[in-house]
Structure formats: structure tokens, C-alpha cells
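Got chain S; can you put chain U on it based on the hints?
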Amino acid sequence: MNLVTFSGPPSTGKTSVILKVIEAFKDRNLSVGVTKFDCLYTDDDTLYKKAGIPAIKGLSGSLCPDHYFVSNIEEVVQWGRENKLDLLITESAGLCNRCSPYIKNIKSVCVIDNLSGINTPKKIGPMLKSADIVVITKGDIVSQAEREVFASKISSVNPKAITIHVNGLTGQGAFELSTLVYDEKLDVDTVQGETLKFPMPSALCSYCLGETRIGEDYQMGNVRKMKIGDQNE
Amino acid sequence: MNSMLNRLTIKEIIEKYPFVINFFEENGLNVENYGEKTFDDYLNHFTQEEIEEWGIDVENLKDGLAEYISQMIEFLGLKEEKSIDSITIIGGTDKSGNKEQFGQLTIHKSQIVSIVGPTGSGKSRLLGDIEWIAQGDTPTKRRILINGQVPDMKWRFSSNNKLVAQLSQNMNFVMDLTVHEFLELHAQSRMVVNEKQVIKEIVEAANNLSGEKFNLNSQITSLSGGQSRALMIADTAILSSSPIVLIDEIENAGINRKEALKLLVGSNKIVLMATHDPILALMAHKRIVIKNGGIDKVIETSQREKEILSQLEKMDSIIQNMRTDLRNGLTIDSL
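Order-wise, the sequence lines are chains S and U. Residue 1 is where the first sequence starts when you use this note's numbering, and the numbers rise one by one after that. Residue 1 is where the second sequence starts when you use this note's numbering, and the numbers rise one by one after that.
Pulled out of the complex, with its shape left as it was, chain S reads as follows (with noise of 0.2 angstroms):
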């Protein structure tokens, strides 16, 4: 079985891309899942489901979806070959711009769009810096000259990645990415004591126990304080 990891900031068109590109794998009578995690809520499972794909879903709830992705990554790829994917696809949500959600030796995409602003690629961390593939969507409604520029940023953030424009409703460059995504040599059994590409963005302080009191009598463990007046860069 072949694993991709897809993410990339909320609404940029994670699922519409994975949809189209496994269209694209119709053909080639390959049986392709897809695990979606998300934070709070998603229906996305069931737009797997409707175009006949194998979907499951997790709720990362009040925990950091990444660190709730990477607990349950084995099981989802056991779950994967329990049902004899050739390709197992996770989708998951970049909800703070430190995320990094990516496994050593497993393909990772990352999933960005044109709308999102020029400094975009500058903001976001590991998910984009650390990725295999970035998938650049919605192309069709900014001038050629934005979609030039966008590029030249994230290919100075991300030189090795390969960059690769697909229109999510169209479909246009889907085709092409799947001959990226799908490599019939790979075969991945488990995840088991592989490591992640770079460490999660770490927490642990008093708020994250459920504290809900402000002032410092109440902050313990990993508190950081904003540099104010003459240190403040």
C-alpha cells in the first residue's frame, strides 16, 4: 500500500484536489482510501462516500490535531490495509501555521492557495518547507502575474518541493499530480518507529489542562511572555 499525506491550510481545496485526483486513478483500477482529520467538524467523510471512496474521519476535539494525527496514524494504516488499499490518502487541516505533520520516507503534500495572500508561504512552517509536493489551487480566478509571483515565493521557501497548479473544480493539472502521488514500487506495511520530518509545535501549559483564569499567578509550565517596549523586534 502506498500513504500520501495531504495538508494545508483550512478552505484551500485539500478535499476537491484529492477527489479529482482520484478521478484520475479510475482508470487504473486502483482501490484508493482516504482518512480526513480535522478539529471540530467535518462532513467531508460523506463527499468521500458519495463519490464511492472508502473515508473514515477523526475529531482531534480539544487536543492539537497534528499531535492527534500522529497518535493515530498506525492504526488509520492498519485500517488501510484491512481493506486492501493499493493507496491510502490522509487529509488533514494546517490549523496554526507551526504545524508540521509530516513522516520521514512518506510522501507529503502540501496544499496552498492563490487567494491566500503573498506573504502566505513566508507564515507557514514545516507543513509547507518540509513538503514533497505543493499543490497551488485557485489559479483560474487571479491574474497570471499573481500566480507567477505566489510561485516564486513558495519555490524560494521550498526549492526541493516539485510545484504543481490543479484547478480543483476543473480538474485541470489533477491527472498530473496522481502520476506523482501513486508509485507502484512503494509499499508501506506501518508507520511503526518511523519518525515524523520535523517536531510538532510543543505545548503544555496551564491552559492547555483547562485553565481558564487569566494572570500569572495561574500560568505554570510552558509560558512564554511577549517581549514589550524596547526589546520588541
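Read the hints as simulated data drawn from the structure, not as lab findings. Even glycine gets a Cβ: it sits at the ideal position worked out from N, Cα and C. Treat the hints with care, as some may be off.
[What the hints assert, rightly or not] The calculated label-pair distances, taken between Cβ atoms and stated as ranges, are:
1. S:Asp187 to U:Asp40: 34 to 42 angstroms
2. S:Leu186 to U:Thr93: 24 to 32 angstroms
3. U:Gly225 to S:Arg213: 51 to 59 angstroms
4. S:Arg213 to U:Asn215: 49 to 57 angstroms
5. S:Asp187 to U:Thr47: 33 to 41 angstroms
6. S:Asp187 to U:Asn194: 48 to 56 angstroms
7. S:Glu184 to U:Gln149: 23 to 31 angstroms
8. S:Asp187 to U:Glu305: 53 to 61 angstroms
[To be verified] With a Cα cut of at most 25 angstroms, we get these calculated DSS-like pairs of lysine-lysine:
9. U:Lys37 to U:Lys11
10. U:Lys62 to S:Lys122
11. U:Lys11 to S:Lys153
12. S:Lys160 to U:Lys16
13. S:Lys153 to U:Lys154
14. U:Lys62 to S:Lys197
15. S:Lys153 to U:Lys62
16. S:Lys26 to U:Lys141
17. U:Lys99 to S:Lys26
18. U:Lys196 to U:Lys16
19. S:Lys26 to U:Lys95
20. S:Lys160 to U:Lys154
21. U:Lys11 to S:Lys122
22. U:Lys62 to S:Lys160
23. S:Lys185 to U:Lys141
24. S:Lys123 to U:Lys62
25. S:Lys50 to U:Lys95
26. U:Lys154 to S:Lys185
27. S:Lys84 to S:Lys185
[Stated by the list, open to error] One-sided and incomplete, this derived list gives chain U residues near chain S with beta-carbon spacing under 8 angstroms:
28. Phe23
29. Gly55
30. Leu185
Structure of chain U alone, referenced to chain S:
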């Protein structure tokens, strides 16, 4: 590349490859006080805590810098390389698997080819095949040659050198910038040398296409539909490096479409134009008819069609003139 970068100081790297400033800037690396150090030394100055706090991927940045430099060298070098003189489309199959009957079609630079066919008939797929330089490995099984040969596949993955630029009706400017800032940003990303001259050329060309003039200090998001379209076309013709331009239906209002095509063709572009507007379709040298996912036929614009075109243009100019009259507060009293 890597071993050389290990020896050079950051100051020396910047002197040798001035564009690396963008790499440092976009990655949020403040190298200001580290000019005399190597890039490795600079990366090693971060504490473990800083690395985790800010998500700095040291190994990735090392390889990234080397990769970025080699890509930029290639990109800058490409400008001098042999340009694209023609593309050839070799037939594959339609959605039902029937062989396309047109054989092969070669389009030379400065030529215009229109694409007609109902929505969903496969226009996007044809464009996709060209952009991907299909070699029988897409659903249509078409093959694309450049200058008559199977080209280097670097076009597929190069992020700075896309083969096809697109202009469509739905496109808008979304950046919050003035015309000048916007063109400057685009020119910088394309590494042009004579920025000021190029910006001036683009604005002149754009103002030539659109009825209402704008200046360098106008906000791009507040330009009218016609002005935006004119600026996009002028910018694509003059600044974009892509040798092929695909136009998806340019509307009639507020822009001189004949001049627009002339501008693109004059910049040695190959122009493909999806349209159902008779004036635009007949302005092309040839038109591709798409049906059921395949190229049904390729029609050369006939002499008769060209005569009809000149009549259509007269009708069009009557309408355009009335538009101008109305805008200027005149009354219409004859046809």
C-alpha cells in the same frame, strides 16, 4: 554546490549570487550580522530552543539554499537558450477511445489558434496536455513536441518556467498594491534587469488597450474590468516567461481585443484562444474543434471567412463607437 557553499562566507555568497537575498528574506533568516560567517556557521548559531520555537529546519535549509541557487542559475540561463519556435500536437483518442482524425498540428510562434467546442468537451484537457508536454501518458494519449522534438521534461516540474500562461474572464487582481508596486514585484520575481523601462512599457501598452487610462499609483484592485484585463494582457505579453498563452474568452467591454492579440503575438507568443465569439474565432489562423474529449477537426480560416471577419469588425466598431458616445453623454440618432 554544497561543498562550495560550505567554504564561502554569506557576504561572498550574496556577492556571487545576489538573488539569494530573496531566499534569506522569504525564509525569515536575518543574516545581517553574519556576513563574515559561512551559512553553516550561521545556521549552527541557533540554539535547540530557537530551532523548535520557530520551526527552523536546519538540514532542509542547507540543501534548500544549494537547490535554490542552482534553480535560479538555470532560470537565468534559460533566457539565452534557444526559444520555442513551435509546438506540435500529435493526435490521441477522444473520451470513447476513438482515434483523433486530425493527424498532427504544428503551431508556430506568433500564430493564433482558436479552440471551439461546448463546455466540458475537453478544452481544459487539451491545455493540460500541452502544459504537461504529454507523451502518450495522459488520458487522451496525445503527444506534444516542441520545435519538432520530444522536449526536456524539466518543463513539467520547473516552478519558475511554466510553458503556458493563462488569461481568463474570471481572473481578478487580489493583491492590495498599486500598479507600480505590483509590476515591480512581478518584475523582481522574473529577475528583469531594466525594471523601470519594463514597467513603463507595460503601462503604456495597457493604456493603449483600454479606453480609460490609469496611472502607476492606481490600486490594482480598484481598476475597472477593462483596465484590469488590459493590464493583465500587457503584463503577460511583456513580463511573463511562458512562451504559450492560453486565453479563455476575453469579453468585449472596455478593451480593444484586436490590439490585445497583436500585442501578444508581437511578443513572439504562441496564442491559443478558447472562444465562441465569431470575431475572435475568425481572427485566428486556424481553429480546433473539440468534441467528446477529442480534437474533431482543425479548420483553416478561409478567405471567405476573412472577408466576413472584416464586415463583423465594422459592425463591432459601430457598437464600440456608440458605447463611447453614450459614455460621453451624447445621444444616438442614426445607425
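Hints and how they fare:
{"no.": "1", "hint": "S:Asp187 to U:Asp40: 34 to 42 angstroms", "in the structure": "holds (37 angstroms)"}
{"no.": "2", "hint": "S:Leu186 to U:Thr93: 24 to 32 angstroms", "in the structure": "holds (30 angstroms)"}
{"no.": "3", "hint": "U:Gly225 to S:Arg213: 51 to 59 angstroms", "in the structure": "holds (54 angstroms)"}
{"no.": "4", "hint": "S:Arg213 to U:Asn215: 49 to 57 angstroms", "in the structure": "holds (56 angstroms)"}
{"no.": "5", "hint": "S:Asp187 to U:Thr47: 33 to 41 angstroms", "in the structure": "holds (40 angstroms)"}
{"no.": "6", "hint": "S:Asp187 to U:Asn194: 48 to 56 angstroms", "in the structure": "holds (54 angstroms)"}
{"no.": "7", "hint": "S:Glu184 to U:Gln149: 23 to 31 angstroms", "in the structure": "holds (29 angstroms)"}
{"no.": "8", "hint": "S:Asp187 to U:Glu305: 53 to 61 angstroms", "in the structure": "holds (58 angstroms)"}
{"no.": "9", "hint": "U:Lys37 to U:Lys11", "in the structure": "holds (8 angstroms)"}
{"no.": "10", "hint": "U:Lys62 to S:Lys122", "in the structure": "holds (17 angstroms)"}
{"no.": "11", "hint": "U:Lys11 to S:Lys153", "in the structure": "holds (22 angstroms)"}
{"no.": "12", "hint": "S:Lys160 to U:Lys16", "in the structure": "holds (21 angstroms)"}
{"no.": "13", "hint": "S:Lys153 to U:Lys154", "in the structure": "holds (19 angstroms)"}
{"no.": "14", "hint": "U:Lys62 to S:Lys197", "in the structure": "holds (15 angstroms)"}
{"no.": "15", "hint": "S:Lys153 to U:Lys62", "in the structure": "holds (18 angstroms)"}
{"no.": "16", "hint": "S:Lys26 to U:Lys141", "in the structure": "holds (16 angstroms)"}
{"no.": "17", "hint": "U:Lys99 to S:Lys26", "in the structure": "holds (21 angstroms)"}
{"no.": "18", "hint": "U:Lys196 to U:Lys16", "in the structure": "holds (24 angstroms)"}
{"no.": "19", "hint": "S:Lys26 to U:Lys95", "in the structure": "holds (14 angstroms)"}
{"no.": "20", "hint": "S:Lys160 to U:Lys154", "in the structure": "holds (14 angstroms)"}
{"no.": "21", "hint": "U:Lys11 to S:Lys122", "in the structure": "holds (23 angstroms)"}
{"no.": "22", "hint": "U:Lys62 to S:Lys160", "in the structure": "holds (11 angstroms)"}
{"no.": "23", "hint": "S:Lys185 to U:Lys141", "in the structure": "holds (23 angstroms)"}
{"no.": "24", "hint": "S:Lys123 to U:Lys62", "in the structure": "holds (19 angstroms)"}
{"no.": "25", "hint": "S:Lys50 to U:Lys95", "in the structure": "holds (24 angstroms)"}
{"no.": "26", "hint": "U:Lys154 to S:Lys185", "in the structure": "holds (23 angstroms)"}
{"no.": "27", "hint": "S:Lys84 to S:Lys185", "in the structure": "holds (16 angstroms)"}
{"no.": "28", "hint": "Phe23", "in the structure": "holds (5 angstroms)"}
{"no.": "29", "hint": "Gly55", "in the structure": "holds (4 angstroms)"}
{"no.": "30", "hint": "Leu185", "in the structure": "holds (6 angstroms)"}
Of the numbered hints listed earlier, not one is contradicted by the structure.
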